[in-house]
Structure formats: structure tokens, C-alpha cells
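Protein chains: 2
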Amino acid sequence: MKTLNIESLVAELKELIGEDRVSQNETVLEQHSKDESYHTPILPDVVVFPKTTEEVSRIMKLAQKYETPVVPFGIGSSLEGHVIPIKKGISLDFTLMNKILEIREKDLLVVVQPGVTRIQLNQALKSYGLFFPVDPGADATLGGMAATGASGTTTVKYGTMRDQVQDLEVVLADGTIIHTGNMAAKSSSGYQLTGLFVGSEGTLGCFTKLTLKVHGLPEFVMAARAVFPTIEDAVNAVVDVRQAGIPVARAELVDEQSMHVINAYSQTNFPEKPTLLFEFHGNESGLMEDVRLTKQILEDHNCRDFIYETDQAKRNQLWKIRHHMAYAFIHTYRGRKFMATDVCVPISELAGAIYHARKALFKSGIPGGIAGHVGDGNFHISLMIDTNNEDEIMRIKKLNQELIKYAIERGGTCTGEHGVGIGKKPYQILEHGTAFEFMKKIKDVFDPKGILNPGKIF
Amino acid sequence: MKTLNIESLVAELKELIGEDRVSQNETVLEQHSKDESYHTPILPDVVVFPKTTEEVSRIMKLAQKYETPVVPFGIGSSLEGHVIPIKKGISLDFTLMNKILEIREKDLLVVVQPGVTRIQLNQALKSYGLFFPVDPGADATLGGMAATGASGTTTVKYGTMRDQVQDLEVVLADGTIIHTGNMAAKSSSGYQLTGLFVGSEGTLGCFTKLTLKVHGLPEFVMAARAVFPTIEDAVNAVVDVRQAGIPVARAELVDEQSMHVINAYSQTNFPEKPTLLFEFHGNESGLMEDVRLTKQILEDHNCRDFIYETDQAKRNQLWKIRHHMAYAFIHTYRGRKFMATDVCVPISELAGAIYHARKALFKSGIPGGIAGHVGDGNFHISLMIDTNNEDEIMRIKKLNQELIKYAIERGGTCTGEHGVGIGKKPYQILEHGTAFEFMKKIKDVFDPKGILNPGKIF
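For the record, the sequence lines run as chains A and B. Per the UniProt record's numbering, residue 1 is the first one in the first sequence, and the count goes up by one each step. Per the UniProt record's numbering, residue 1 is the first one in the second sequence, and the count goes up by one each step.
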């Protein structure tokens, strides 16, 4: 900050939006010092709770005057330290901007404020027969999900957050308010800014309104579980299902280590073997055909245990395997911190990448298991870190680095869905080459003083 | 150009890549002076035919030295003057860069040079059981389609060109070669440059290699034709089909005027009434169910004539209605030039927009008909212009302007798929507001001397 005059900034902020929405309370600062990752917490100088776009614009103008960092904050569920104010300054909390502004049924669009969470949105959409498909696990805010470029289990059918964002209202570093898109299903007019802002992690502007695509609730849903003798069989089976053009809505892999941890935590007795979980969305006759064909392909890859469920309660039961996985690890290894790798590789490289990852994991001696959105080539190693053990931290860093280098050398990426934040910064030049310099120049166009979430991505 | 020293530039170009691939032949210059639009042709100074990325890079460095405009040229099928070298300079023709470099079956990806056309690609993909879905009508080059952000009849299911481009190799204005993406199905790493470059119309860089998504050929295809008493019924029916979540692969509207012109040209006797054409892709049992549900919805909107075809020859026959439309107009109004409006509106505004467009068309007294990709809210008025008739040109401009204002005021866009080029420049600020300034700043980052396709978009 130019003058280090925090007191004066806080006084001006209080004058701007009122005392009650500007906080330096220690608990509040502490809540805004961290996310769900293993990265070291750092307290912001002040937390501000805006209610309107105009307030955000005025706060940004003030931040610009003081050259104070501004870090947008949703619910704090990021996994690479995105919301940690590493250069201190203002944590801009969007909790109070949590209204669903418009449900445009016919257009299959909704307009929301950034603080709306995905479960909140889906509850509101239910009575319209609609749903919002992106499911990263956590009940994240939609502003945060757009900022991170989040995705999750349904991406194989519905795409990532970037595919769902139709338009963003953005407040730039100097307080200017822009719209990146419009309400039309397609446009060839001007440069596409929406895709550029999605995944920009608060470094280009603050989202104050999002227009998102929503989808008709599928007429019929089926879930299936398939067990394989080896992880290679499971991965090869998914590759073939995808290539056959069967429109699966989810395709998740859980390895034997993870199944063991899940059984112990949930007191279940699922086979402790590499397992695929599928979901299918469509009409009943089409799905029966899809499931039949899927089963046939899986059996060609040595699957000997295939069950499917149409009943909702039983489907939920089946998917609990996947949803409880992180909790199961956290519960089993109390006192340690959860960390997940996040590479994504071309599908043709997936079997090799998982084979390599398992070898590296066993060699590292760290407890963990592999799971992933294998329909997209994206997989995670869930690792439980003892953050006081320097040697272990070094081994985990080395493991992560090995996985990332392997992925990038084969046309993959260091992060499929968690984003860059702090943790993936060291790999940006390796992954993007010369293009990275131009990303930095684009950052300078929108934020010449570098006050927007400094120290992230770049 | 800095020195106006064309002779010296041509000499250097010939030294760089050889005499035979640098042309100032009048016929060649004339071929590169125009596209398929009504915009006035302008001759380039020289046409160059590179064969490799490295050559393109060296040509760009030379162009930078001479400050000569460079206009990338595919096959000349653009519709808004994109390839017309309005500031003269180099027309960079990608005809010789027309190789399919790699078909990555398992990844559902292909790597192509920019001069490959979509039909050429589809022929190569057939034996793999794959296809490339974007179909703008013309057999355009894939480089051109990416540069324009093209789409067409299948967008309602498969998305636009932007959705298919996985990675671009781009030569920037200073000769730098970058990659905008990778081969992984998804990534949250760094800013997304791919979506920014798609639709940049040659103003940010020249594409020298494209990695594109391809899809499994559908197991089963059905086509259907539905006739309605009024255009409003037809549009409302499409809106309901879409909202019901039925995954149609194409949904096209042809109005009664267009049906009349088509019948006269093709010597057919289709009902001269507002007609919807559908295509469905999937497995047989699923499609029978989709068609049954679609028919039911259409009948609720007064459709009394619904036929569907599964046989490929009969399906092609049915789709000829749509594919022959532009030729039918051109044939019927010889001596005039074809021009198409291209607004796209939110689906909820489509019935109103088409009602407004018909009124404006009748009032203008210009011969034309309405057709469109109504599943996306995108429609065209096909107009036949007498380019010698000043008064008529004025009336057409006024008509186009009225349509565009109507669309933008309702959250739509001035161009759904044809791009900005020359024709949509006047509407950019109206559509993008303050964001347009930032698009200009991004242009300056990549092309500070403004040599890349100057006078387009901006």
C-alpha cells in the first residue's frame, strides 16, 4: 500500500458503506485469512461486505486511490489459496450479494449475484424443472466457481463453469463496470471476454452479477457401479465408453485404497477394488439402450460386477461412495491436512498417467488414494499431509511436481479444475510458454496498478 | 505502409519463400480482393502462399518491418468483408497449408492446418466413425471458421466453432509463435486465450495449426419436417421443444416466402407455409421417444403436417430445402447480390423479433425471406440487393439497423455467426458499451502497430 495508512482507508470505507459492513474484528479477519487448502493463512487488513454493484465500484475506486490489494471472497472453499490475502489489504466478502435476480425459464438462463451458492440455486430451480449442472463437491458460491473456472463430476456431459457462464457484470480495478457478454445463445461480435474472465481468479475484476445457463431436469436418471480387477482395466473401459459416443453424465473412478478408506469411514462393505461410478441422463428407452451398451463395453475390459439403479434413494446411496471420499480421508487421518493433486491429461494418456501416479504415490510413502473425473482425463491423488513434517512436505511437493511434469509433457495441464492460486504458479511458464507473457500483459490492461488479488496466477 | 516501398517488400518476400509463392498476378489479386458479401472489393498489393508456421512467422516479421497490413485468407467465403484488404498490403493465403496432421481417435481430437476445409476433414474422419459438427453451409476452411467464430445448423446440439477449438498455434504480429491451449479436455490454468482468439477475425494473429474436437458419428439419425399455419406457431413450438430438454441436433425455420422461392427453383411442391426442419442424433429407441414427444409439442402449436424420415436418402432430400435456399434466392434474382442479416436474440424474444423483422421486411419492399437457426435464437433475412440502386441500398441498411437495434435492446447481438468484419463495425459500441474499449486495448497488446487485418472489428 502506498501510504500504509490503514486507519484512513478503514475510515473512508466506513463512511462509504457504513460501519456495520466494514470489519476488523479478529475472528472475521481470521475467517478471511484462509481457504480449504494447506496454504499458510494470512490476515487481511479489513473485511468489507458490499451489497450492490455500485458499492463494489466505489470500494474499488478507494482501493485504487490507496493502492490497496483487493481479494474477492465467496465462501472460502478454494483449494489453492485463491482467497488468501498474501499482500494483505481488503477481503471483499460477497455474502450479502446472495440474491437470485431472475429465472429466465424460456431462455434456460438465470441471473444471480456472486454470493449465491450452487445448492441455493438448485433449490430455487427445482420447481421450474431446471437445474444447474456444475458440481465441484463443495457448496461453493457461483461467483467463486466462475472465478476459479470450477468443474466437477458432471463436466463430461455438461461442460465446465466456463461453458455455463453466458454473461458477467464485472467491476474493474478502477471501478469501471463492464458486461462481458449478452443473453443470446451465440454471438460472433467482438472479442469474447466472458471466457477470459472465467478462471481469472479475481485478478482481472470482481464479478457482481452472473448470467448462467441452466438445463432441464433429465426425464430419467440411472446410476451404475462397475468393479474391475485392475485400475488399467477401469480406465481403458471409460475411454472406450466415451469413444462409443455414449452420453454419460458422470464417469468417476475410485481406486482400491480410497474404497478401503470409504468402507472404514462409512461402515459399508463395497468391494475394495478399482470402481467406476456412472450416471446417465435422458429418456427411459434411450437410457436402457445406453446402459446395455456400456455394460457390454465394460465387460470387454474384465468388469465382472456391474449393477445399476434407477430408484433415487438407491442412486444417492451409490453416489455416496464418491461424495464421502474426502471426508473419509480427513476422518481417517485426523490431525493431518487434506491436499489434492489436480492434473488433467488427454484421454489417450490417462491410463499411463494413472499408472505413473500410483507408482509415484507408493514410492513417496504418503497415505493417499486416487479418484477422478476420468471421463475428462482429470484425476486427483487425495493426500493427507502432516504440515509439521518438513520432510513429508518436501516429498509431497516432489510427487506433485512429478505428476505435473508428466501431464504437461503429454499435452495436459497442471490443473484441471482447482485453478492456479498460489500452488500452481511455479508451473505456469512450463505449461503456457511464451503465451504466459501475453497473459501478464492482459492483466496489466485491466489492472495496471496490480491491486486485484496480487500474487495469484502471476 | 511506412515507406510505400512495395517493390522492395515483394523482393524480400520472394527471397524469403521463393518466387512461385509470391504473386502480383492480376487474376490472383482480384481473387483476393473480395469475399461472398456485397462489400466493395479492394485489391491487395501482393498475395503470399506460405507452407509452414516458420514461413508465416518470417513473413510477419517482414510485414512488421514494412508496417504492411496482413490479411489472412482461407477460401473467401466470409459474409461481412473479413478478407477484403481495405488498407491493401499482403493477402496471406493458406491454401497450401491444407494438411490434416493428426487424428487422435481416443482423444476425439484432430490437428489440422488452417487451410483444411470442413468437408475435407469430414471425409477423412468417416472411416474412424467420427465427424466434425460445425456446418455453416459453405465449405469454408477451418482456419477461417475459427477466425470468424462460425457456427450453423448443428449449433443447437454441438455448439459453435468456439466450443470445438481445443488449441490454436498462432503467429502474432511480431512473428512470435504461441499456443493458446492444450490437449486436455479441461483446464483451469492461466487465462483462457483460445476463446479470445476464436472470432478475432485475423486481428490478433494468424492461426497456423488448429486442434479441434470431433464427435462419434451418431448411431442413428432421424430428420423431420413440420408445417405450421403461422410463423409464430412455428417459433413457439421450437421454444417449447428446447425447454422440454429434447436434444435436437438441428432446428431450422424456413418461412413461406423462402419455401416459395425454393419450390420454384427446385421444381418441388412443398407446402408454402412456415416450416420447421429437425434432425435428431442418438440411439434408435431414444430417438423414437424424442420424436414422439416433439410431435406432441408441435401439435400443441397447431402443426397438422409432421413427417419424419430415417432413411439417409430421404433425409438428405428433406434437408435440401434448407441447403438450397441461398442458391434458390440467387438464381431467382439474377443480377442482384445476396445479403443476409444475422441477429441472434434470447429465445424468449425470438417470436417477437421475427414478427418485427417480417413487418420491417414487408415495409422495405425488398425481395427476401426469413430462415434461421431458431433453436439458438439466430435468424437471417435473405435479401437480394441491386447494388446499383442507391435508394434500395439505403433501405436495406435501414432495415438491418432496425433489426440490430431491436436485438441489442433485448439482450441479443448484431451477429450470431457471420462476424463483424466491415458490416457490423458501426454497432460494436452499441452492443459492447465500455467493454469495447478494453477489446481495443487487447488488440494493442497483440498487435501494437495495427498491421493485422486493419479496419476490421475496430
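What the hints contain is simulated information worked out from the structure, not anything from laboratory work. A portion of the hints provided could be inaccurate.
Where chains are identical, the list cannot tell them apart; a pair therefore holds if satisfied intra-copy or between any two copies.
To be verified - Computed cross-link-like contacts, DSBU-like style, restricted to lysine-lysine with a CA-CA straight-line distance of at most 35 Å:
id : residue 1 : residue 2
1  : K359      : K126
2  : K405      : K99
3  : K65       : K405
4  : K61       : K443
5  : K99       : K359
6  : K443      : K359
7  : K106      : K213
8  : K363      : K126
9  : K425      : K61
10 : K61       : K398
11 : K320      : K87
12 : K213      : K359
13 : K106      : K273
14 : K440      : K88
15 : K157      : K320
16 : K441      : K295
17 : K14       : K405
18 : K99       : K14
19 : K314      : K51
20 : K99       : K397
21 : K405      : K273
22 : K337      : K61
23 : K337      : K295
24 : K398      : K65
Results of checking the hints against the structure:
no.: 1; hint: K359 - K126; in the structure: neither (44 Å within a copy, 39 Å between copies)
no.: 2; hint: K405 - K99; in the structure: between (42 Å within a copy, 30 Å between copies)
no.: 3; hint: K65 - K405; in the structure: neither (41 Å within a copy, 38 Å between copies)
no.: 4; hint: K61 - K443; in the structure: both (18 Å within a copy, 26 Å between copies)
no.: 5; hint: K99 - K359; in the structure: neither (47 Å within a copy, 39 Å between copies)
no.: 6; hint: K443 - K359; in the structure: neither (39 Å within a copy, 46 Å between copies)
no.: 7; hint: K106 - K213; in the structure: both (11 Å within a copy, 29 Å between copies)
no.: 8; hint: K363 - K126; in the structure: neither (47 Å within a copy, 45 Å between copies)
no.: 9; hint: K425 - K61; in the structure: both (28 Å within a copy, 32 Å between copies)
no.: 10; hint: K61 - K398; in the structure: neither (42 Å within a copy, 41 Å between copies)
no.: 11; hint: K320 - K87; in the structure: neither (39 Å within a copy, 63 Å between copies)
no.: 12; hint: K213 - K359; in the structure: between (41 Å within a copy, 31 Å between copies)
no.: 13; hint: K106 - K273; in the structure: between (45 Å within a copy, 25 Å between copies)
no.: 14; hint: K440 - K88; in the structure: both (21 Å within a copy, 32 Å between copies)
no.: 15; hint: K157 - K320; in the structure: both (20 Å within a copy, 31 Å between copies)
no.: 16; hint: K441 - K295; in the structure: neither (50 Å within a copy, 53 Å between copies)
no.: 17; hint: K14 - K405; in the structure: neither (48 Å within a copy, 42 Å between copies)
no.: 18; hint: K99 - K14; in the structure: within (23 Å within a copy, 63 Å between copies)
no.: 19; hint: K314 - K51; in the structure: neither (42 Å within a copy, 59 Å between copies)
no.: 20; hint: K99 - K397; in the structure: neither (40 Å within a copy, 42 Å between copies)
no.: 21; hint: K405 - K273; in the structure: within (28 Å within a copy, 61 Å between copies)
no.: 22; hint: K337 - K61; in the structure: neither (38 Å within a copy, 52 Å between copies)
no.: 23; hint: K337 - K295; in the structure: neither (38 Å within a copy, 56 Å between copies)
no.: 24; hint: K398 - K65; in the structure: neither (42 Å within a copy, 46 Å between copies)
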